[in-house]
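Undergrad: One-letter residues, chain by chain:
There are 2 protein chains.
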Amino acid sequence: MKYLHTAVRVTDLVQALDFYCGQMGMIEVRRFKGHQRPCDIIFLAMPGDDQAQIEVVYYHDAADREKYGNFSHVAYQVENIYDTCQELMDKGLSLNLPPRDGFMAFVKSPDGISFELLQKGGPLPPEEPWASMPDQGTW
Amino acid sequence: MKYLHTAVRVTDLVQALDFYCGQMGMIEVRRFKGHQRPCDIIFLAMPGDDQAQIEVVYYHDAADREKYGNFSHVAYQVENIYDTCQELMDKGLSLNLPPRDGFMAFVKSPDGISFELLQKGGPLPPEEPWASMPDQGTW
Numbered sequence: 001m002k003y004l005h006t007a008v009r010v011t012d013l014v015q016a017l018d019f020y021c022g023q024m025g026m027i028e029v030r031r032f033k034g035h036q037r038p039c040d041i042i043f044l045a046m047p048g049d050d051q052a053q054i055e056v057v058y059y060h061d062a063a064d065r066e067k068y069g070n071f072s073h074v075a076y077q078v079e080n081i082y083d084t085c086q087e088l089m090d091k092g093l094s095l096n097l098p099p100r101d102g103f104m105a106f107v108k109s110p111d112g113i114s115f116e117l118l119q120k121g122g123p124l125p126p127e128e129p130w131a132s133m134p135d136q137g138t139w
Numbered sequence: 001m002k003y004l005h006t007a008v009r010v011t012d013l014v015q016a017l018d019f020y021c022g023q024m025g026m027i028e029v030r031r032f033k034g035h036q037r038p039c040d041i042i043f044l045a046m047p048g049d050d051q052a053q054i055e056v057v058y059y060h061d062a063a064d065r066e067k068y069g070n071f072s073h074v075a076y077q078v079e080n081i082y083d084t085c086q087e088l089m090d091k092g093l094s095l096n097l098p099p100r101d102g103f104m105a106f107v108k109s110p111d112g113i114s115f116e117l118l119q120k121g122g123p124l125p126p127e128e129p130w131a132s133m134p135d136q137g138t139w
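Heads up: the protein sequence lines correspond to chains A and B, in order. In terms of the working numbering, the first sequence opens at residue 1 and continues consecutively. In terms of the working numbering, the second sequence opens at residue 1 and continues consecutively.
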């Protein structure tokens, strides 16, 4: 596994980007919209250190912004998300989000820190038993 | 600045290391004791990705373990901690922990995410005005 990013939730996107970019000196790497809970997702990195990123999530709905804490998760890239998830299950770990889409899974530490696993190079074709595996709690 | 680690607090060290090392496959990079609030501090990394680490903090005092949340901070290495702190102050940021020891400083995002700044290569000689600069809040 390879470290990708640490994700944080922000309550004021302008103020947050003023801190991360204006003050801390990070640069915007990419930005897109989230749809499940409508949001802006912005990846930031320090100049010259673009492999280790901060993911900033800004929910459009005030209720979503109030619902969650400021820390979201830590993300790692994996070579084969199905193999990794199988290994983790074999070691007794639950998949809070199974890799139904062949791309993304979530597990949690005993203290509730969420770890996101992301397939290197983009989604694999959906595959059973993963495609129909239900969530286990939140992530 | 260069990303170093994301720090988490754990309530059961054996259980935590079983997750991070036994299940997730991380390896212990270094370990030492903290003294201000007695604790074990363990740095972990994925094999082959030892530059991006997870810092695990286990407080010995149950009251300390109950006092704080599971997420602690994100850390970056800086070329010159005094220059960086001066730049951040010039941009209007408060230093929650000034670099009194020439090595470590903390700032916070508007949403309360703590960022640790660490001097590359170890402590610089203590220097004013930093050496006598008081804390500003918590970090």
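Each hint should be verified, as a subset may be incorrect.
One copy or any two copies: either way a pair holds, since identical chains are not told apart in the list.
Unchecked claim - In silico BS3-like pairs for lysine-lysine, Cα to Cα no more than 30 Å straight-line:
# : residue 1 : residue 2
1 : Lys-91    : Lys-2
2 : Lys-120   : Lys-2
3 : Lys-120   : Lys-91
4 : Lys-2     : Lys-33
5 : Lys-33    : Lys-67
6 : Lys-120   : Lys-33
These are calculated hints, taken from the structure and not from any lab test.
Undergrad: I want to check one pair: Lys-2 and Lys-33. Are their C-alpha atoms no more than 30 Å apart within a copy, between two copies, both, or neither?
TA: Both: 25 Å inside a chain and 27 Å across chains, each within 30 Å.
Undergrad: State whether the alpha carbon distance between Lys-33 and Lys-67 is at most 30 Å within one copy, between copies, both, or neither.
TA: within (19 Å within a copy, 36 Å between copies)
Undergrad: Is it within a copy, between copies, both, or neither that the alpha carbon of Lys-120 lies no farther than 30 Å from that of Lys-2?
TA: both (9 Å within a copy, 23 Å between copies)
Undergrad: Could you place Lys-91 and Lys-2 in one of the four classes (within, between, both, neither) given a Cα distance threshold of 30 Å?
TA: within (20 Å within a copy, 33 Å between copies)
Undergrad: First find the shortest C-alpha distance between Lys-120 and Lys-33 inside one copy, then the shortest across copies, and answer within, between, both or neither for a cut-off of 30 Å.
TA: For Lys-120 and Lys-33, only the intra-copy Cα distance (21 Å) is at most 30 Å; the inter-copy one is 36 Å.
Undergrad: Have a look at Lys-120 and Lys-91 and pick one of within, between, both or neither, based on CA distance no larger than 30 Å.
TA: Within. Shortest intra-copy distance 22 Å satisfies the 30 Å Cα cut-off; inter-copy 37 Å does not.
Comparing the model with each numbered hint stated earlier shows that all of them hold.
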